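S.K.: Got two chains here, separate frames each, mind docking them using the hints?
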Amino acid sequence: MSTVPVSVEEARGLFAAELSESEAAASPRGGFLPADVAALKVRWLGKKQGVVTALLARLKEVPKEEKAAFGAGVNALKQEVEARLDALEAEAAARAASLAEAAKAVDVTLPPRVPPVGRLHPLTVVRRRIEASFRGLGYEVADGPEIETDWYNFESLNFPPDHPARDAVDTFFVEGRRDGARRASPPDAHVAGPDADDGEPQAPIRVLCPGRVYRKDDIDPRHSPVFHQMEGLVVDEGITFAHLRGTLAAFAKSFFGGRAEVRLAPTFFPFVEPGVDCAVSCTFCEKGCRICSFSGWIEIMGAGMVHPNVLANAGIDPERYTGFAFGMGIDRIAMLLHGIPDLRLLFENDVRFLDRTWS
Amino acid sequence: MKFRLEWLGQYLPGELPDLATLRRRLTDVGFIVEGTEGEGRDAVLDVELTANRPDGMNHRGLAREAACALGREFRDVPAPAPAEGPLEASSLATVTIEEPALCSRYSARIVEGVQVREASPAVQETAPAPSGMNPISSPVDATNHVLWDLGQPLHAFDLDTLAKGADGRPAIVVRRARAGETLVTLDGVERTLSPEHLVIADAEKPVALAGVMGGLHTAITPSTTRVLLESAHFSATAVRKTARLLGMHTDASHRFERGTDPATTVEGLNRVTALLVADCGGTVARGVIDVLAREIPSRVVKLRHARLVSFLGMDVPLGRCVQILSALAFGVTETAPGVLAVTVPTWRVDVEQECDLIEEVIRVVGYGALPEVLPPPFNPTWAEPILAREDRARDVLAAAGFVEACSYSFVSAEENAPFESAVSGSAPVIANALGEPFTTMRATPVIGLLRAARHNIRRGLSDLSLFEVGRSYALVEGHPVESRRAAVLLHGRRGTHWAAEALPADFYDGSGAVAALFAGFGAAAPGFRPVSVPFLASGRSAEIVAGGVVVGWVGVLAGPLAAAWDLDEAVVADVDLAAIPVPPPPSSVAMPSRFPGSDVDLTVTHPLSVGWETLDEAVRKGAPAELLRVDAKYLWRGAGVPEGFVKTTLRVAFGSPERSLGRDEINRWRDEAARRLLLVPGTAVDGIA
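Taken in order, these protein sequences are the chains called A and B. Counting from 1, position 19 in the first sequence corresponds to residue 23 in my numbering; the numbering is continuous, with no gaps. Counting from 1, position 352 in the second sequence corresponds to residue 1048 in my numbering; the numbering is continuous, with no gaps.
Heads up, some of the hints might be wrong.
Where chain B lies over chain A, by a calculated footprint (3+ residues, C-beta under 8 Å) [said to hold, decoys possible]:
no.: 1; segment: 31-44
no.: 2; segment: 67-73
no.: 3; segment: 124-134
no.: 4; segment: 284-291
no.: 5; segment: 298-312
no.: 6; segment: 347-353
Negatives, chain B to chain A, calculated, CB over 12 Å [unchecked claim]:
no.: 7; residue: 710
no.: 8; residue: 735
no.: 9; residue: 781
no.: 10; residue: 1037
no.: 11; residue: 1308
no.: 12; residue: 1328
no.: 13; residue: 1337
no.: 14; residue: 1342
no.: 15; residue: 1363
Think of the hints as simulated: they come from the structure by calculation, not from any bench. On a predicted model such as this, the values are computed, not experimentally measured, just so you know. Note that the Cβ used here is the ideal one computed from N, Cα and C, for glycine as well.
In isolation and in its complexed conformation, chain B is listed as follows (with noise of 0.2 Å):
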């Protein structure tokens, strides 16, 4: 909000201030100035007010935090009542408060015989706007210019178009809206209203949205002659309901949702009159309406010196305390050695307990001031395991060469839909999102390695090895579910170099990378499991096995969704870290074997339906200790090998911790691992009958 110099010098008797100091001071106590306009009596501060300070988004109040800040003398400017003519006002209206709780209190004047002007010279010559603002017409000059002097929001109706009560004056009734009603406000749009919403009514229908806007219907025109002047202290929470549901915000409702002075209404009354009979002329009938349905009492808090002392951790002494209180119009009364009694001024809706009444004096004193102590020294730390997991893996999936990405945890509806089979659940859609494409909480990280991989193909850059680790969503039964996940993505080549041609990645690179995870952790090798689902290519996709339980997926992106996203072939997986059973270190090493061991081949033609798992059970099932690993050392299809078969070598390693392995016992077992092999359907051996 802007401030100018000169309005605040009013409240300050003597010299106006430098600005700045008065611009460093305000910021040290909590009003911290953005920006200045200008020099000398023209100066304009733009000031951010935080949300528990309405008190200060007036000109008296930064002026009565100005003068504390600055050790100076606050002075205020009275309002006096303006001259009035005989007539009673409440015999021209009445008013009524229905809604105790949420209106405390409504004072009203009438003005009769006003001569609307189109600008406000008395506004102008006392004291111009803010920058920005413009004048508009006489009253509402006049409103807007008490709103910025002391914060009082007003309402200006004509009071020609009050409809009339039994009584044949013209009511006000604060009340709910009853539902159904409408209203066209200031601003030409009609409003249906339900009793949500607090209003200003007349004897049949609403006039004014309460503390939010006036009705078009009832405002006033070049040709009104009577004014009725609304002064009111709404409840908070009933002006932000009522401006929330309607999707408004208004000088006035900002003020009140914040909380405004409950008694500042005739005050602010007293001198928009003044100010309106100043321009428009009239006579001011006698009296306010001044209804009170709800006494809000003054607050008396309890500052205990002590308290304040070992909770700031330093000494403030308590004569500096009652002093700074006082400056800021707190009433302060010594109850017992060391203990204020504080009343709150009324405008100080933010103080309310002990912590803030410290607050007020240590903002002031300064928090410069503070000792830099640390706390005593306390336990030794650990982290969260699973974000120590989280981390690991991290560690993990970089060693292996993998550049990690960090993507919104937001997708489209159309992105996420393919994956929504990879949990169980459904995807949490956000109510009030900023639109697509960040509408869906995402089932995979995949989707953003996918967006990444767009990113960067079309800048040219299509060899990717990509990964993030981050949470995946869901609602199960309304709950929300959160999965910490390891998701990878390649895509273009692997490994170039001149020396020789680069090959496109593949599967087996997604399913290395997620047994690189799994080595990286100590856990034993994953299993790959053909699956089919709908995001995964056919036949090139696994869901991930560990101890017996499926804890992700890795394959092939679908060819229509790859080309959805304009990638050619990629690979993705996504692991749940959770799941993966991670071993506790070793607490004993056996020495490795002295002995060399051997390696022997197997040359097995198998159909294609008979996968690896089987051959390696095979292999393994029956066969002595000694047998220490089985791999697959090279496959071949095409000439020699029937249509639908494939030749596979195994490489069979034997070894013993004890002693050498003799060649005669090596074959034998190789033998017997071989006629394992010819029971499995459809298989040969080479050099086995």
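In isolation and in its complexed conformation, chain A is listed as follows (with noise of 0.2 Å):
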């Protein structure tokens, strides 16, 4: 190939000829690499031996008449080899890069490396659906403590000693003191009783108390010992039966769905006069399913007026201000939404059972 052709055409022509040879040679390794391009340009456009710059070196030795037509020919020829070799030197770039990147390939089907994705428990979950449902009816989230003393626990809640209606709630007592743990409604009462700063009751009232209670009773599908209760106290001038209604129909709605309807039947609680037990209408069946054992209706709480001597007992004047409470078991409320079989899985933390996602 060190012959320097001796015209244009000539040139042309073997200019084909190398690059079809240097392609068959490229072809195994899946066309011009950038040095195949790179080797081709230095022998056809080298400014030293490049052919081309051979070529025109000829001009002296072409006749006068000649020399603007072969010196037209050879740049012609020039920019014909530049354009090819510059286009084959962008394609074999591309081939390059796109061999670099499956050298680097993976099989994007192996298990990915998944950072470690923590979990909020269900009941941390449906706790703050609840407290949603009623900040959005302005109601305040309070706090309290578990150990509670007897006055707080049942006495000012018209639990009077020595009274059957203690039985129902079984409480557990820290030894030394009269003190229980706490069940549902003690929150409720400190809440209302008199601000310890000026020892004027707080009312107006409107709050609500998440928290961890106790009863005495024997872990099994249905019981625990511990559980989460959700209670609310509404106390102001005015307050009726029908707010009662009214807010537990708002809640059913704002947590179960537009179409939940609640219902009201009469039931005891010391602490209210009237006492409520409060089912929504199933909104997960048309006709009856397990979650409200097929009969359309799901118990959700318990609730009522708050009894005037509650009232009285945390300095609150009862002709003057009416008030209403509700309680409802988180625990409880959780099983049905998700269809919970057994209670002890929201306390035996079983990793298979927490990973996943409860909203």
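M.R.: Shown next as structure tokens:
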């Protein structure tokens, strides 16, 4: 190939021949790589020994009247060769890049490296959902102790000493104290009680008290000595029984969906009069399902109008103020919502149970 | 309690009510019918009775409610006095009430010449017992019958077993027991008594626990011929105290504890006497020995119609209120326009105040009639700060990859003991616990996490990252102290993936979780200070320090403790959430520097006894304001480093918000830091003599 073509036509033919020869050599590699094109550029366009340069050097040997045509021919050839090799160069660069990428390829179907995904407990998620419903109705969220005095646990809530109503809420007692572990409602009594700062009762009140409560129950799929309650209390002038019904209905719609209805039935709790059992129409079915025990209704909470003795015990004038209270089991509602078959799952902390999203 | 439809029907003239309708209406007015058995005359209703309605715990009482709920007539069945013989009952026995506060009335009849039968045909014929109640003997069946019919508990004594008083007559004395007295009750158990127990005594000794259970030696036997029948009204408190102190609960005590009708003693006595004589023959002595120690006046409660309307938020016409109350046997008089004076029936022990009467009206009208109205708008809401902090901790730890657990507050004494030093004060012990492992309130939620870890490991899941936000409990000088904690547990490998071998969780994963928690609150990074506590492995345990105060602990669980829990190495931490110094959110933010900083490395060989804190302090002390961070880049122990020494490479970052730093000044600061490190005894710094 060291021969220098004598005419432009010969050079053009030579270029085509060399190109196809090189292409044939490169084809096992998939085509030209940048080095192949670089070599061709040196051979054809190199400033010192390039074929085109050498061809141009023959200009002086060309007869005078042919010089112009020869020069124009060489220039045209140069542009053709440049264009062709530039195109090949770009192609080769892309090929090289894609080969480099291919070398880094992985099996994308292999298991991914998952950063640790934490989980919130279903009781946390359900509690927050209940809180959100009542926050929307203007409730504060309050706090209270779990180890509670007899006064707040019972007497202030209108459970007289030695009254059988205490049987229903069998309490744990801490040795050496009359206190029991908290059952439902004491935080309400705390909130309603005189303010530590000024001794004034704190009506009006609109408060929600989430918390852990205790009852002397053995552990089984439906019972636990430790469980979680959401209590609510509203005290103000002019609060009516109809307000209680309206509030429970609004909660039911917010929490269970717009077509949920509430059904209230009379019952007895010492701290309210009248007392209410509240059921919500089942929004999980049309004609009865496991969740509503095929009754169409799900019992979700107890409620009632705050007993005047309870208001008086908190230093609130029951003639001037009235109020209502309600309480629901967070555990129970979580079980209903998510079809959790056994209460113990909420306390065993089996990660196969916990490792999922509850909202 | 079970009720027979036919028996209820004795008080409802006309056809028996439809079972389904009765079931629905009774439930509507507060007597929840949990189920029914059978059909027609034989139908039985299973009714859940609330503690405030002892008057509904008998057929007559429930029939009265049914009549009102169904809008039907209620008709009482009279209990006439039985035919009597010539002998005066008062000549055959005496009754004395020494405790008028605890026993308002004691009524007794005496029947002579009875022949006790095995079962009571009279009872079986008139009204068989609800299912599940088998006939025992005629006197017992008769007393049970009256209990279920009228709610009056009764007792029958063998008159000839009662010791006689000074006047030669058998004596019945209602009194407190004397300390040390004993009584063998019908169940064959000998009971030792004290003045807190109310008893029925004869002239010498207790013969029954008042309102709870009779004595064995004065009970009716097949050979009994003379019977003294007791029908009394005991105070609810007295019976409850006696029964509870002795751990007893009987049909009689169940009713007395809730309150019986003081006006029914003679009626019940007459009814049982008639049944007894019909079955067993005999002659009824003349008259009732009826001692009324204390009159219990009828209550009169005022009901203002305007109050009822404003309390309910709906109108119930006055006439309807009067109709409902009258149907429930309340006496109603309108004393002023819209004001009723309502006389409460003697059996309605639950009705004391106006709100109780309002409930009577609305429960019969039906709660379904109430309109659904929201209270007027109220103030904007907020959450108690500590609750918001607990929830934020949950979010931070979940975001850091931990799974939230929820465990019992109770643990066993044995589980709690190793951790007791983690809190000040003593562990609250439950006086009436369910037994182990529920006797003690936990010193740290870590115990619950250990239980959770064991549960999972036993099921083959050993790579665990758990947290719980909950309370720890202690008694300090007798007062309960509840502390809000965030606890974490790590066990097994961290971040398993096929591309690299997973490392087991170690101390730094624990301290890292704590640091992440602080970072999540925007709090300054906590310090970790070596500590020696019995529940953590020595040398791999620290107390967490924030703002100069110890706010928790972190470390590898002590080996023996881990073994006791069936765990491999577990890393645990417990932080006092209330003690995390949470700053307010930023109120102004500086622009990040436009000038890139520079990092330089310093490699120090130092004794193991020189901790990171010392190195960190040496670099920072006297450093220019341009020093931004000091990190540990690499640690090496082994070849090239003497025994007892470690080679630590520190990475020191410099930067300025105002300018690019020159290589010369950075090198100068680096060398100054190196010279300060050299001042720490035993250290050498690479490249510095």
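S.K.: Look at each hint and say if it fits the structure.
M.R.: Structure-based check of each hint:
1. 31-44: Check failed, 0 qualifying residues.
2. 67-73: violated (count 0)
3. 124-134: Check passed, 5 qualifying residues.
4. 284-291: The restraint on the segment 284-291 of chain A is violated, since only 0 of its residues have a Cβ under 8 Å from chain B and three are required.
5. 298-312: It holds, with 3 qualifying residues against the three required.
6. 347-353: holds (count 4)
7. 710: With a cut-off of 12 Å, residue 710 of chain B remains clear of chain A, as the shortest Cβ separation is near 26 Å.
8. 735: holds (21 Å)
9. 781: Since the minimum Cβ distance to chain A is about 41 Å, residue 781 of chain B lies beyond 12 Å and the statement holds.
10. 1037: Residue 1037 of chain B clear of chain A: closest Cβ-Cβ about 18 Å, beyond 12 Å.
11. 1308: holds (26 Å)
12. 1328: Since the minimum Cβ distance to chain A is about 23 Å, residue 1328 of chain B lies beyond 12 Å and the statement holds.
13. 1337: holds (33 Å)
14. 1342: holds (30 Å)
15. 1363: Given that every Cβ of chain A is farther than 12 Å from that of residue 1363 of chain B, nearest at about 38 Å, it holds.
In terms of the numbered hints stated before, the structure departs from hints 1, 2 and 4, listed from lowest to highest.
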